[in-house]
Amino acid sequence: MAGYILRRVLQAVPVLLGTTFLIYFMVFAMPGDPIVALFGDKTPNPAVIEQLRERYHFDQPFIVQYLLFLKGIFVGDFGISFSGQPVTEILAKTFPVTLRLAALAIFFEMIAGIGVGLIAGLRKGKFFDSSALAVSLILISVPVFVIAFVAQLVFAINLGWFRATVGPGAPLQDLILPALVLATISFAQIQRLTRSSVIETSGQDFVRTAASKGLSRRRIVPVHILRNSLIPVVTYLAVDFGTLMVGATVTEGIFNVPGVGRTLYQAIIRGERPTVVAFVTVMVLIYLVVNLLVDLLYAVLDPRIRYAK
Amino acid sequence: MSSVTRETDGNTVNSQNDERPILEIKDLEVGFNTQNGLVKAVDGVNITLYRGQSLAIVGESGSGKSTTAHAIINLLPGTGKITGGSIKLDGQELSTATPKEMEDIRGRRIGFVPQDPMSNLNPVWSIGFQVEEAIRSNGIASGKKDVRARAIEVLKQAGLGDADRRLKQYPHQFSGGMRQRVLIGMGLAANPQLLIADEPTSALDVTVQRVILDHLETLTRDLGTTLLFITHDLGLAAERAEQLVVMYKGKVVESGPSVKILKDPQHPYTQRLVAAAPSLASRRIQASDTPLAELDIHAPAEAEVVDLIATAEARAEAREHAADLPPAIVVEDLTKVYKIRGSGEFKAVDNVSFQIAKGTTMALVGESGSGKSTVAKMLLKLEDATSGKIIVGGQDLNALGGKELFNLRSRMQPVFQDPYGSLNPLRNIGNTISEPMSVHGVGTRKSRQARVFELLDQVSLPKMLVSRYPNELSGGQRQRIAIARALALKPEIVILDEAVSALDVLVQAQILRLLADLQAELDLTYLFITHDLAVVRVIADHVAVMQKGKIVEYSSTDEVFDNPQQQYTQDLLAAIPGASIELAS
Amino acid sequence: MPSRNSQQNHFVAPLEETPLVAIDQVKTEGKPSNLWIDAWHDVRKRPMFWISSVMIFVIVTVALFPSLFTSVDPTFCELSKSLDGPGGDSVLGYTKQGCDIYSRIIYGTGTSLSVGIIVTVLVFVLGIVFGAFAGFYGGWVDGVLSRVGDIFFSIPYILAAVVIMSVFSAYRSVWIISLAIGIFAWPSTARVLRAEIFRVKNADYVMAATAIGVSRFRILLRHVLPNSIAPVIVVTTISLAAAIVAEATLSFLGVGLPSTTMSWGNDISQAQNDLRVAPQTLIYPSIALSLTVLSFIMLGEVVRDALDPKARAAR
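Residue numbers (UniProt numbering), protein chains in the order written: chain A, 1 to 309; chain B, 1 to 585; chain C, 1 to 315.
This is chain A alone, in the form it adopts within the complex (with noise of 0.2 Å):
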């Protein structure tokens, strides 16, 4: 398990240091003076300009730029936003609303997404299975804003069930409905992965040893069968990490909702290039923890890998 865990946080060093590079190379590999160009055709604040030349080192060769920009991110500088806000300011005032936000999403689709999985891999070929199949195919296909856009003019203006927009302080109730919207994007991966698996995994050979054993349909379906097909769904979580930031980005932007991805959002509409990649970094940042995060979670479910030499 420890030589596991050493694995996997050293596999994660070159991936951190290559994933930080690109992102720096991608913006200053532009022709001209990068920091002019990364305003585009915006006047900046010239104190702002001055900050970003500090900080980025433009009289050092390019590779101490880097070492420098990933110095930076180290020690928790992460830059200044268009505005001469420090980056990190405005993260620790925006990212607990949307860890909020994300963990209700993450709540959401598990408790569904596993669900009606369970359900429609016991019951393959039945009725329900093939409804759970079209409606999936359907949240597949609607893209994310427009089911954000439907659910705010039904939900909210029309119904009146939620509020359109995120009140002040973002209350827990307000952020349901966005947190619904941004559950549905991921909620059809979930099921169709859950359903396969509970599939795959009723088929196994300890299955019918389990039933052969006396146990009954009660207990083989949550400690056999439930309990194995979570595995890959478990994996799923790192890589749907990814997907919840975009969506995260696009529902805070609809909803007002005033967390990381509303501030990217704004960044990005206005065409604030220094905001959006500090927070594009920093996006990038967590996922990588969040990854490594569910490799260990996935040791924890697998023995296999727990007790690995």
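Note that these hints are calculated values from the structure, not bench results.
Heads up, some of the hints might be wrong.
Stretch-level coverage of chain C by chain A, calculated; a stretch enters the list once three of its residues show a Cβ under 8 Å from a Cβ in chain A [as the list claims (entries may be wrong)]:
#1 148–154
#2 164–177
#3 221–234
#4 238–250
#5 294–301
Derived Cβ-Cβ restraints for the label pairs, each shown as a range [to be verified]:
#6 B:F129 / A:L70: 26 to 34 Å
#7 B:M464 / C:G138: 47 to 55 Å
#8 B:M464 / A:G125: 34 to 42 Å
#9 B:T98 / C:V21: 52 to 60 Å
#10 A:S131 / B:M464: 43 to 51 Å
Only a predicted model underlies this, so the values are computations on that prediction, with no experimental measurement involved.
Don't be surprised by glycine CBs; every beta carbon is placed ideally from N, CA and C.
Let chain A serve as the given structure and place chains B and C on it in line with the hints.
Relative to the frame of chain A, chains B and C by itself:
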């Protein structure tokens, strides 16, 4: 102690003299719903099993033997269902029992030991958890402590000495043999009246297989459990059960006392099976003191040659003229060391030396992990040797350059074990057989086509197969194609890596005969790699027994069988199923 | 001792009832079949395959020949008709700028489809090159290629495209947006292929080919790749749908195609503020987008069922 002599042993548990059958199957029919309608897998099967007896159902794959076993405990896979007949356990009808009633019967009254120990334990739960849930669900014990105590007792009974320490461990930390013990323990946890063992040891090495079967036998006798055995091995069935039921295409073709059926099979199918079972053949060769070439074989009922003794005889005849020939392969001090991450080195092959005379067969025998297949891979230059020499036709394999190696490859060809993996599923048979010729630039397109037809004829397959794909063929047919491909370049040496191990006995006997005929016809040299010593008796001139990377015994086949020098060889010989059956009348 | 009475009789079935069949008989009827032939037979029996195929055919036709489906110029807009509902000359009504919604949807099809196809080709080629070499050659080649894949995989491709598109805001075009999406979307394809090649390359037929003397590269091309490509085909069909969604998302965020380019994403983005007064401006392009994505997703689902033995068993 074998079951055949068991009747004379005093047996306290069975003395209650209950004469009602414990299991009575009448006209059982089981069908599977497929795209082509209902397919009958079991068709009118009758089986009666009395208390304290042991009965074996024998048959090839697809005979319906496992389906019958699964029908008894009502755990048919997929779309399978009982479509007719009755199954009575101690007078109680099972085919119409409710799911709840069946739950009570499974485990408590009928125990089940499945086939593959690798896939029958849930990998995410500990051994203790899985044994304990069996105990709890059958109401054998309640309360954490009692259940645990009973779990330890069950596992100890099944032969896991350090059970208390091992409860917390997971299946992947157990060897195959230990897992099978756990499964046996679980099957017997609730002291069922009847234990169904579905090929309980087929996936295990022969020596482990023997130990486990011995243990199962003593255990069921001591507990007074009636045993229903499912197996494909006639020798094993006869050795372990008093009664035999032979199944063929969903029907019972013959049933009755084991020894009687074995000595005097009546149905032509049973006759075929007896003639083709390697374990019995090697026993029969052993039993007759006459040299093979002089053995008088009565022709089998059908024109098709499946009698292994006939094969052995034909081979021995051909061999008589092949004395003192130069070696085709010389292997000297061959060693292969693998580096393992974290734990240093592993010597897969350790100083192995042997030679094979031209036109003869040498068998390399060993259990899994003995290094026998690694030797084959080094000979074929699929892996590089760490040290040592391999000389093929006078050329040192290690000293060869790319071009010379390429040329040498045409003289030495392999046939591998897995009939389902040995042919590229996306290339048709014609392309598969002609590939060696096109790679080596032999002949024109037309002459290669003619050669493909000739090769198909040599392996007794119809010409029309050239445009077909492997997934349409049976395992035996695929192995024939693999042999045809191997022969395409007219090699001198063929390396057969477990080439017949995955086949049903009758098909196996057919392929063995084909190999013997081809050898006589084309003067081939064979290196025959196998775990099955019984087959060796029929096919090989010399035997090298491998254990943990080393050759422990190396001699002529007769010498190894008649006069084994090493304990390990003796154990292997003793583990051939049917070894204890007296067949010589 | 077992009781004497339970001694069983020797039963032999009559030969007429249990006739013997030749051992290992060759089946000669039927047509040749392999994975692809079987998959085709399987697929053409499914209504979902025909529905999605017809939908895709229509979409491609619309994309290639938009003028066949409308005579209205999508760029001819009259502010006087701003947000008018359907009726008169217009089937679906007008946008805020007074352009015909139906005509804009017809002309926007080509954009979505082009991005989808370019990204898919890019992802397919990069995925196969990286996946095949990493999987087949293993060792340090695998180590290097897989780490490179990990790096690209670690940046969600839409976020990466957001950065690229905001940096290259002056050069927005169908090609640039496709590159921006594709360059970060290939690792999942490469991973699928790599895993499949790892499985296939140890098959006995690969060893047999080596023993014949077939060169490594030819083994990869002839034996390994054809047998590992099936799951890649499935992933590729789905990635076409994902690319179309990605383009729309980027356009929606305002870092996609310039507003002069006809694009469903742009139209949806511009319609968002008029959602309450004129929902049709948002709903119709959304339906077009969703149906297009759905047709490819459905095709992917059918293809997966036909090609993946696990999915086959799950039906």
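Results for each hint:
1. 148–154: holds (count 5)
2. 164–177: holds (count 6)
3. 221–234: Result for this restraint: violated, n = 0.
4. 238–250: holds (count 4)
5. 294–301: n = 4 at 8 Å, threshold three: holds.
6. B:F129 / A:L70: 26 to 34 Å: violated, 47 Å
7. B:M464 / C:G138: 47 to 55 Å: violated, 40 Å
8. B:M464 / A:G125: 34 to 42 Å: About 37 Å separates the Cβ atoms of B:M464 and A:G125, which means 34 to 42 Å holds.
9. B:T98 / C:V21: 52 to 60 Å: At 39 Å between Cβs, range violated.
10. A:S131 / B:M464: 43 to 51 Å: Holds - the Cβ-Cβ distance for A:S131 and B:M464, about 47 Å, lies within 43 to 51 Å.
Against the hints set out earlier in the document, violations occur for numbers 3, 6, 7 and 9.
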